[in-house]
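Peer 1: Work out the full structure: start from the sequences and follow the hints.
As given, the protein sequences belong to chains H and R, one line each in that order. The number in this note's numbering is simply the position in the first sequence, starting from 1, with 412 added. The number in this note's numbering is simply the position in the second sequence, starting from 1, with 52 added.
Everything labelled a hint here was simulated from the structure, so no lab data went into it. Each residue gets a CB set at the ideal place from its N, CA and C atoms; glycine is no exception. Heads up, a few of these hints could be off.
What the hints assert, rightly or not - Coverage of chain R stretches by chain H, computed from C-beta distances (three or more under 8 Å per stretch; other residues unrestricted): (1) 70-77; (2) 100-108; (3) 306-319.
Unchecked claim - Each computed DSS-like pair below joins lysine-lysine, with the alpha-carbon atoms no more than 25 Å apart: (4) Lys-146/R <-> Lys-171/R; (5) Lys-109/R <-> Lys-199/R; (6) Lys-466/H <-> Lys-274/R; (7) Lys-573/H <-> Lys-171/R; (8) Lys-146/R <-> Lys-576/H; (9) Lys-519/H <-> Lys-109/R; (10) Lys-161/R <-> Lys-535/H.
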Amino acid sequence: MSETKEEAHREYKIDEDFDKEFFKNIERKSNIWQCIQCGTCTASCESGRWTALKTRIIIRKVCLGDLSVLKDPDIWLCTTCYNCYERCPRDVRPTDVIMELRNYATKLGNISPNHRAVVGYLKNFGHAVPINDEVRQRRVELGLEELPPTAFKFKQEGDDKDLKKFEEYMFDLPPVKEEKKKEEK
Amino acid sequence: MVKEQTFAFFLGCIMPNRYPAIEKATKFVMEKLGYDLLEMERATCCPAPGVFRSFNKMDWMVAGARNLCIAEQLDADILTVCNGCFGTLQEINKHLKENEEHRELVNEKLKLLGDYEFKGTINVRHVAEVLGYEIGPWGIEDHIVRKINLKAAIHYGCHFLKPTRIREIESSEGPTIIEDFVEVLGVESVRFKDQLTCCGAGGGVKAYSGDASMTIFGEKMKNIDEVKPDIILDICPFCHLQYETGQDYLNKNKGCNYDYPVIHLSQLVAYAMGMDQEFVGLQYQMMGRDFIFGGEVIKREEEAI
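Peer 2: Here it is as structure tokens:
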């Protein structure tokens, strides 16, 4: 680990879409430079016990300005259980760091098709998990309104102004990467 | 001042759209305990802290603030029944009350969504914390008509208590709030290995990698199976979904043979307070389909407060 912080920052130029402010932002929002690589995060990680997620290494890569973390599928294996956040003796808040990384990865288009679908559900139905016919029936059997009084019910009744605004203004995702490549060719 | 003994009832997604019996049970419990529950018209997903916060934290705060504004307009604290909804709304509410810069940014974008302005006049509560601390084991005793007498594996989930510096409820390493409360209902908590670990559904992992999610969950079930509880007791519809569909998955794909009924705290309390089994919703269970609440009637419903 002989690179200085400045040398590591030079590497950012590799990806021209990348905003160099990003790692500085993470530094401002978490206490990442306090990390002593003790590994309490990895040892506490409930996902990492069974998956490839190694929180300590992710934090190290962020400290070194290693852009590969933004393409690393492992950052999406964190269940946000907050064990590392609770137990870090240096107050680094790794869960927040992973959230920032995911935000930036999303900006670069590194987002899974399943997650894109969830965003679609929110825009269409106002819910990450939309209702189905079976549950509508159960609601009636239980003496509840067939549809809960959420934005989706109003859309069904012809008043879709709320969800139209979600569609227009919320959670814009970059286009799917494969399509982008084809266009370039 | 917000209205007393009144909550804006935040439904979320999974409870109304998958487990409506939890909604029915929560209404029954809270109304019997003397609270008014107000409908939050035009509410949306909280939005979920695992997925949507990962994609765009600012939009996550704006959409969450919109839900908070609906409750502010009702002049009532929010009641949530889900750790995810609680996590999102409690965190955004607290953050925007404290951070002026973000409050201004959020309010600016809120204008695009309609007539909303975050003012910071309400609090966000979780039903487990209202029952556990506000009503308390000392307060529920007069309201119960049945002692349930069973052994439960209690699952807290993650976002009810963590991050502790934001939630400020109690320690996440050794909580007893649910154990203390359900003991009065006749429910014995059975401890099991790694009891406080995650169910494996959160953080967008269930959508991102079903395999990873089921591996984490498989270990959880193995530990629960060792102590053979009568039910699995949770306080979050997303954990509830993971336990119901996850057992089915493990049985079909991993050669397991689990059949534990999964019960939300609201359902358990509703039954103890006299709700009929059919409204508690056991007939809709995917797992433990033969299970019915037993227990003894300790007083007639008229005698309960």
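Peer 1: Take the hints in turn and mark each one as holding or not.
Peer 2: Right, here's what the structure says about each hint:
For the segment 70-77 of chain R, the stated coverage by chain H is satisfied: 5 residues place a CB nearer than 8 Å to a CB of that chain, which reaches the threshold of 3. For a cut-off of 8 Å, the count of residues in the segment 100-108 of chain R with a CB near a CB of chain H stands at 9, and the three-residue condition holds. Coverage of the segment 306-319 of chain R by chain H is violated [criterion: at least 3 residues with CB-CB distance below 8 Å; count 0]. For the hint pairing Lys-146/R with Lys-171/R, the CA-to-CA distance comes to about 11 Å; that is within 25 Å, so the pair holds.
This hinted pair does not check out: Lys-109/R and Lys-199/R have alpha carbons roughly 45 Å apart, beyond 25 Å. Simply put, Lys-466/H and Lys-274/R have alpha-carbon atoms about 24 Å apart, close enough for the 25 Å limit, and the pair holds. For the hint linking Lys-573/H to Lys-171/R, the alpha-carbon distance of about 23 Å falls within 25 Å, and the restraint holds. The hinted pair formed by Lys-146/R and Lys-576/H fails the criterion: a straight-line CA distance of about 28 Å is larger than 25 Å.
Between the alpha carbons of Lys-519/H and Lys-109/R the distance comes to roughly 11 Å, so the proposed pair stays at or under 25 Å and holds. Distance check on the hinted pair: Lys-161/R and Lys-535/H sit about 17 Å apart at the alpha-carbon level, within 25 Å; holds.
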